[in-house]
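Number of protein chains: 2
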Amino acid sequence: MAADPSGASGRSSEDEVAAFFRAAPPLRDRDRVAGELAEFVDRHSGTTGSGGRGLAGVVCITSGGTTVPLEQRCVRYIDNFSSGQRGAASTEYFLKAGYAVILIYRRGSKQPYCRFLSEDSFLEFFELGEESEIQVPDSHATVVKTAISNYWKATDEGLLLKLPFTTIFEYLQLLQMVSTEMNCLGQHGMFYLAAAVSDFYVPWESMAKHKIESASGPLNMQLNQVPKMLFILRKLWAPSAFCVSFKLETDPDILLQKAEVALRKYGMNVVVANELANYKDVVVMVTSNGRTTVQRPSKEHDVEEQLIDLLVKMHSEHIM
Amino acid sequence: MAADPSGASGRSSEDEVAAFFRAAPPLRDRDRVAGELAEFVDRHSGTTGSGGRGLAGVVCITSGGTTVPLEQRCVRYIDNFSSGQRGAASTEYFLKAGYAVILIYRRGSKQPYCRFLSEDSFLEFFELGEESEIQVPDSHATVVKTAISNYWKATDEGLLLKLPFTTIFEYLQLLQMVSTEMNCLGQHGMFYLAAAVSDFYVPWESMAKHKIESASGPLNMQLNQVPKMLFILRKLWAPSAFCVSFKLETDPDILLQKAEVALRKYGMNVVVANELANYKDVVVMVTSNGRTTVQRPSKEHDVEEQLIDLLVKMHSEHIM
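Chain order of the listed sequences is A and B. So the mapping is simple: my numbering equals the position in the first sequence, first residue as 1, plus 11. So the mapping is simple: my numbering equals the position in the second sequence, first residue as 1, plus 11.
Hint data in this document are derived by calculation from the structure and do not stem from the laboratory. Misleading hints may appear alongside valid ones.
No distinction is drawn between identical chains; accordingly, a pair holds when it is met within one copy or between any pair of copies.
Claimed, not checked - SDA-like, lysine to any residue: derived pairs with alpha carbons at most 20 Å apart: (1) K164 with L134; (2) K107 with E142; (3) K276 with L287; (4) K173 with G109; (5) K269 with L66; (6) K107 with T157; (7) K291 with F242; (8) K291 with G140; (9) K173 with V154; (10) K324 with D313.
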């Protein structure tokens, strides 16, 4: 593809990306996060591949929707629908497959090992016995105990690093930090970008400082496009990593075509296409070799189980 | 105040409200919700006041932020910041004060009795013992056990009805259903409107059917004003009830003035003014008799404890 100075390809220039980061409010706790991240990657970098304990790799999973604040002291924001179900389930299967996982997740979204618990009424899973001991009704005992046990296994083994975000500014800064840090892992690194990232935003400096007044009639808003970071991740931040991105659409007629375009435009290894209406039941893996449909075999299984099985195989081929 | 056909007073006409409801997507499960609601109000209507078991009253608490979908098959939406902390805490204190509570809450927002548990990692509160029994570390044992015990007490006594919403359309339909149902309680009914309700929305019929395309440059949106339902609630739906609404601002210079305006315009009994910067620590109760500042006495107490104590006293004066 020829150089495209106009940006009409949908690729953002490095200048646009740099300008976005310069104008973004700085990440709180940046130093602490950077420290945790460096320690995590360093600890696992020696153990991936044939030389180490046989860790299959390190995967960065992104999960949940980003918010776009409409005011600096934010009362209102635009959000992208995403429960975080996909990212939480995928974290569990990647850990099971022997990966270390960096989970960049939206605060309050579904979490690994407790995604089946309704957050609105999880106290319903517990009761007090006669001597005030905590009990779980038999109907839920297995799932709750398995959840607690798996959660602590992953935590105690140091295989899971969780980094929360809320806004698009936090998300993209975290993604940049994680991917540049993971660059040292080369082909052993993997990105599994399941977060629902906003395409539009209000630049911080042009944002209303206070809550927008409601008394003065209809509200007109103009939102700018968020620079496409996937291309920069691929080109600059972590060029050797195995990259999986997601494409969600509500209109099935344009879904696969848009996934093909994203595959080429951003140089992804895989684009996973999914429809809002049935994203829990079926996805299509789009690669340069063709398409593979992955269907949930039954209600007892997650579609992520087979999806991640296939991705892990592709990643090990990528490494070889 | 004179009649105001222009709507410049900020009051919405009955016609505007009716038009909003006609155009809104119908509430799912409307019949089931209506049945549960009628049963709940009916069961408690005989027990309020001097004639019954001495229930102090029935309060409708609204909690959390409403979403405004930008697409019919919704991927993107505008949201209002609200954790639901205020509504969850207030539910606990109203139950303690002898009220039956109808909690209209945002799905996924903080819930009564478990608002202190971080939803991102509540599995951390539990461990498995040597025989796979569930244990709570001593450091958390008291809070977790108290939460479970209080939750089941309120549930078993049938004093708490929880009705979830996500969108502004669902929220306003629920508020209308609850308030017209509670009208039979007369002065024993109370509204405590702590939800963060959007001022703007995109009318359903003018909404994009599918996910808005991101490839075609900046996004321009025009949002209409949501009709002000408080005035209609007061005038038509439940005219004898005791009404408390909330005013949140980020700019302290305009907060109290806006609270005074809301008090008069919508005929509220109390407007609780709070600032985003310190809403957990201090609120100002604005009434026609003046202002009362309520300050959180210490980190071990909620500001809602004293606030609800004062409101309960005012409500019992209202009944007499």
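Status of the hints after comparison with the structure:
1. For a Cα distance limit of 20 Å, the shortest separation of K164 from L134 across copies, 12 Å, qualifies, whereas the shortest one inside one copy, 23 Å, does not.
2. Taking the closest pair of Cα atoms, K107 and E142 never come within 20 Å of each other, the shortest separation being 37 Å inside a single copy and 24 Å across copies.
3. For the homomeric pair K276 and L287, neither the shortest alpha-carbon distance inside one copy (23 Å) nor that between copies (42 Å) is at most 20 Å.
4. Taking the closest pair of Cα atoms, K173 and G109 come within 20 Å of each other only inside a single copy of the chain (17 Å); across copies the shortest separation is 42 Å, beyond that limit.
5. Taking the shortest alpha-carbon separations for K269 and L66, neither the intra-copy value of 34 Å nor the inter-copy value of 60 Å comes in at or below 20 Å.
6. Taking the shortest alpha-carbon separations for K107 and T157, only the intra-copy value of 14 Å comes in at or below 20 Å, while the best inter-copy value is 35 Å.
7. Proximity of K291 to F242 under the C-alpha cut-off of 20 Å is found in neither arrangement, the shortest distances being 27 Å within a copy and 43 Å between copies.
8. Taking the shortest Cα distances, K291 and G140 never come within 20 Å of each other, neither inside one copy (37 Å) nor across copies (34 Å).
9. With identical chains, the CA atoms of K173 and V154 are never at most 20 Å apart, being 22 Å at best within one copy and 25 Å at best between copies.
10. In this homomeric assembly, K324 and D313 come within 20 Å of each other (Cα to Cα) only inside a single copy, at 18 Å, whereas the closest approach across copies is 53 Å.
Consistency with the previously given hints fails for numbers 2, 3, 5, 7, 8 and 9, ordered from lowest to highest.
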